[in-house]
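Visitor: Use these hints to put chain B onto chain A, whose structure you have.
One letter stands for each residue in the lines below.
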Amino acid sequence: MLWYKAWLETKWRFVFLVGSILFVWLTPEWITATGVHSGVPAARLWMAIQLGSVFLFIFTAIFLAGSGINTQGAYTFTPGFHGSMLFTLSLPVSRRRLLFVRAGLGALLTILLIAIMAGYILHLRPEATSALQALAYFTRVIACTMAVYALSVLMACVLDEMWQFTGAFIFWTALFLVQSKFDWVARVSPLRGMSLNCYPVTAPIPWAPIVASLVFAGVLLCASVLVVQRKEY
Amino acid sequence: MNEIIIAADGLSKSYDGKPALRSLRLEVPRGSICGFLGRNGAGKTTTLKLLLGMLRRDAGSIRLFGEPIDSEASSIAARRRVGFVSEDKELYPFMTVDQTIRFTRPFFPGWRRDLEEKYLDLFQLPRKKAVPKLSKGMRTQLMLVLAMARGAELLLMDEPTGGLDPAMTEDVLQILADLAASDGTTIFFSSHQLAEVEQICDRVCIIDQGQVVIDGVLDDLKSEYRRILLVFDGTPPRELADLAGVDHLRCRGRTASLLAHGDVDGLVDRARELGPSSVEVRPVTLKELFLDHVRGE
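Sequences listed follow chains A and B, in order. This note's numbering puts the first sequence at residues 1 to 233. This note's numbering puts the second sequence at residues 1001 to 1297.
Only chain A is shown next, with the shape it has when bound in the complex (with noise of 0.2 angstroms):
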């Protein structure tokens, strides 16, 4: 029943998700269709779409990640202190379950939700892509992505839910800001590693984003079980 709890609770989420992403889907069309794009560069068109694809990308993993114990912003109530939190935790299951359940299922939809932008995106590129440059392309944008869901996880354990969004969009904007001025941090970051712009679908598997952006998140959700495990209530 905890599956069912964590699909009711991201139901909607979801669905607002596959909305934006149908927007986005056809906004290319009707610019092709309508011609609006006449006097854009089709590289510059498809540069924006790529772009735009690593925020929605980010925006998706942070959107669907729950820790499935702080399951409602405690800014709408007492702070601190409400009443569903209280009633799951009198529930007779391990903190952990919770965990896992909610954060395993954040995971499986934004794992489909990247995985059908991916190839959408492969679609709209212009030259032919092969099953293998695909699945490259599809499996570096889902680690990377993890990397932003695992952060997100865990800010979920200790903050409710408008500083768990505000907090994530703040670290990956200064992620953003510092990797153009580091070059070992633009060489590992997930940013990069889901961007076809920095990495495109012809190039080399990008290794380092990809294993960096694992160890991050296996980290960072360890840190998630700890975290819940410890605090108080």
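Worth flagging that the hints you see were computed from the coordinates, not collected in a lab. Some clues are possibly wrong.
As the list claims (entries may be wrong) - With a straight-line Cα cutoff of 27 angstroms, these simulated DSSO-like cross-link-like pairs (lysine-lysine) come out:
id, chain 1, residue 1, chain 2, residue 2
1, B, 1118, B, 1136
2, B, 1133, B, 1118
3, A, 11, B, 1128
4, B, 1129, B, 1118
5, B, 1222, B, 1287
6, B, 1133, A, 11
7, B, 1129, A, 11
8, B, 1118, B, 1128
9, A, 11, B, 1136
10, B, 1018, A, 231
Guide: Showing chain B alone in chain A's frame:
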């Protein structure tokens, strides 16, 4: 001897160095209805959260159903037998009444469908209504259904009648009394409503500044404690405070009011030696017991 369902000993908890509970000792036997009283911030909610494993204790021990609660596994095993109603009665805003019940039911093998139907009918809760659209009273009723239908042996309730109108409060108190009487359910609930505690509880535990100040069978406490009113010609003598058996002394003008327990007759004899012009001994109410102990006069 009755089985002890809740046993806490030396329970201590502090927040940022500020003590919330100080060596709290508590025993609640099976089948009893125990009212847990105290002022705001006395440590009632902290105690309930410690019993349910939501907080970690700094010191002391907890046993529920005779088993020590010293790990998450033991807490989970105990929670299978416990129903809980939280103070602010918040449930999942993304569920309806029906979904909330369907979600909760499988966690409890002893779930009683008959009680679920009975209480849903009694409270006339609309099954399809979303939780955020319920009034606070209805949320309270839903939480009570969830707590009582799970076939729990122990109900822990933080102000269970909060938000209910007087008629519904009466119904709920009757249900709780019936549960204790017919199923042997142990009920431990915090409340600020002394009248309802007096109405259904056979035991009370009064807590103040993190410590238990009174704990016992309500009828015993009422027969053990007496109010002694002494009127003097002048200011009441200071020696009154030193008399053995005086729990609390309050002086106003020429009148001294003593809350006493134990050998009240002996105490009255000793008080007479101090020369009061009149002496009156009368039984105490729970309200008097509570106020005298938590005001600390």
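Visitor: Need the list of violated hint numbers for this structure, in ascending order.
Guide: Hints that this structure does not satisfy do not exist here, as all of them hold.
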